[in-house]
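Given next are the chains, with one letter for each unit.
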Amino acid sequence: MNSKSDSENTKMQIGRKILVVGEEGLFSESLIDYAVQVAKRLNYDILALSVIQKDLGELTDKSNKYNKLIEIKAVSCGVGYNFLIRSGDTGVIVEKIIHEIKRIEFVITGSDESKEKIAAEVTIPVFSVFSNNNIKGGGKTMAREINKKKPVGKVLGYGAISVALYAAVFTNADTVTNYFTRGGWYAALPILTVFVFTFAHATFASNLWSLLGISAAHKDIKVVTIEKSAQDDVRTTKVARKRPRARAYINPFHRI
Amino acid sequence: MHDLAGESLKFIDLNLMSVVFLFIVGFIGGLVSGFIGSGGAFVLTPGMMSLGVPATVAVASNMCHKFPKAMVGAYKRFKYGQVDIKLGLVMAASAIGGVQAGIQIQRYILNKWGEAGSNLYVSLSFVVILVIVGGYVFYDAWKIAKTGGVEKVSKLAQKLQSINLPPMIYFKRANLRISLWFTIPVGFATGMLAATIAVGGFIGVPGMIYVVGASGIISSATELVIAFIMGLGGSINWAIHGMIDIRLTLIILAGSLIGVQLGAIGTTYVKDHMIKIVMGTIMLLVAVSRALAIPEYLTQLGLMSVDEGNINLMSKASFVIMCIALLVGALIILGSMWKARSPRFAAQESYGKA
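One line per chain: the protein sequences are A and B, in this order. Going from the first sequence to our numbering is simple: count from 1 and add 117. Going from the second sequence to our numbering is simple: count from 1 and add 353.
It is worth saying that the hints were derived from the structure and are not from the lab. Owing to the predicted nature of the structure, the values given are computational and were not obtained by experimental measurement. Hints may be right or wrong, so weigh each one.
What the hints assert, rightly or not - Cross-link-like lysine-lysine pairs, in silico, DSS-like; alpha carbons within 27 Å at most:
1. A:Lys-157 - A:Lys-185
2. A:Lys-267 - B:Lys-432
3. B:Lys-692 - A:Lys-267
4. B:Lys-432 - A:Lys-271
5. B:Lys-508 - B:Lys-525
6. A:Lys-219 - A:Lys-185
7. A:Lys-182 - A:Lys-157
8. B:Lys-512 - B:Lys-525
9. B:Lys-525 - B:Lys-505
Use the sequences and the hints to build the structure in full.
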């Protein structure tokens, strides 16, 4: 069902490429723009894959319409381009294509659902791109990046609160220490103070690190290792199954 | 209650140098404890004392900064799914018993052999426990690093988990099932050590790893829960006696709340056994530092004779090595974070540019 000729397919085998996946023949404009821009800057080719559930004429037409659209954009940016239509399960198809066509560096999709479907099957990076109209100048944000808005306001706000609290205590240090060390029920004062300071200062510090771009690498560390075990097993068996294929490539060399 | 505080103001005047010193030590201590679950206190208390703060005030002010720091660290690491709250609560409950026992032993020694005897006991426990436990943690980390970074549950823990002695408790996050009777001694020892050397985590974390069978990352995160509960209890006690210098607490807190979050973030970057490496290294260096303090106490007890110049030199060296221990720990953490970050960062950059 490949819409391009075989010679072009061979050409596609050479360059590094991005696999752009659209489900039900649908590619959002932001997905196309993003993929083309990334491919242009990284000097990659684009391989667009339209996954449809059944071989419906209508969907194929839609896919072909998008095929034209992507082609126009890709060509105008000087990006190598090819288009595939397949039917079946997205994850399985992508996995198959990655093995058929070499040098696919990563996958971009238009929704989180398909990202998850694909990520469960393949080992290369998978990203999803949302359309984000708030960004001026046609910039697009990868799905994960959307939550990573720089918390400048929060840093300044909580920083100011923190500074004010510190200033309040240290300008009245004598009075404060006098009351805080009276003991007995006055013990509540230092404990409460510490809680209040912690709330303001810790929020400031937390936002400060995210502002500096330092955030947790992979959350739910343990959940992943515990719950992933089943998935891991699947992956190891998959890798093991793939090995004989590699050997089949090596054998002819031995004969030489 | 008020008598303990004394009539005159026992609190030191703060100058810029001491503020900067406390802030930086607070930051580094926070970084280390966010990563391995404890640390910082062993430098902060002697550090404050070297600034002229009386020992009790130093301990009290340090403890009052420890519990909010542990709280923030625990919250942060809870969000990363690393904290087993149930394990933390069970450990903390038994640790409270351990603290009481530790205090009783301290009192007994203080009455029998005086202050030098008590100091000697503290230093000796430091050296013996840290060399044995720290040495083993370091050896284990080295072994894991050599075999490619796969952490295994210790044989002792496997054996203990297989003994069906009711009541059995299932710890969901740590993903293990063990009899309550085996977790109690670990918690108890943690509390006792906390009462003796003020750093319970040095026994709590290895205990949870090798006796209970939790992973390094879960243990160090859960230790923060224990530190929070024990620190809060201890701080209330000190506050009732009016011993907390809130200024010192707040300055250290300013640094440590920034550090502890970086340490917590750091755990998500590095391989699990890095926690053991950092912990083992710090424990062994602290052991060396405390070993240098022993001759002084032996001399005071008349069991050894070392001239005063040497003793001064050794106590200075002891403090310096303590600082180095903390610094080395921090550097390993930052170094491994940086190493783990660079490839990720490079990938992000290349996509980000597009």
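Status of the hints after comparison with the structure:
1. With a CA separation close to 18 Å, the supplied pair Lys-157 of chain A and Lys-185 of chain A stays within the 27 Å bound.
2. Restraint check: the Cα-Cα separation between Lys-267 of chain A and Lys-432 of chain B comes to about 20 Å, which is no more than 27 Å; the hinted pair holds.
3. A C-alpha spacing of about 24 Å is found between Lys-692 of chain B and Lys-267 of chain A, which places the hinted pair at or below 27 Å, so the restraint holds.
4. Of the supplied pair hints, the one linking Lys-432 of chain B and Lys-271 of chain A holds, its CA atoms being roughly 20 Å apart against a limit of 27 Å.
5. Restraint check for Lys-508 of chain B and Lys-525 of chain B: the C-alpha separation of about 20 Å stays at or below 27 Å, so the hint holds.
6. For the hint linking Lys-219 of chain A to Lys-185 of chain A, the alpha-carbon distance of about 24 Å falls within 27 Å, and the restraint holds.
7. Of the supplied pair hints, the one linking Lys-182 of chain A and Lys-157 of chain A holds, its CA atoms being roughly 22 Å apart against a limit of 27 Å.
8. A distance of roughly 19 Å separates the Cα atoms of Lys-512 of chain B and Lys-525 of chain B; the hinted pair therefore holds under the 27 Å criterion.
9. Restraint check for Lys-525 of chain B and Lys-505 of chain B: satisfied, since their Cα atoms lie roughly 18 Å apart, inside the 27 Å limit.
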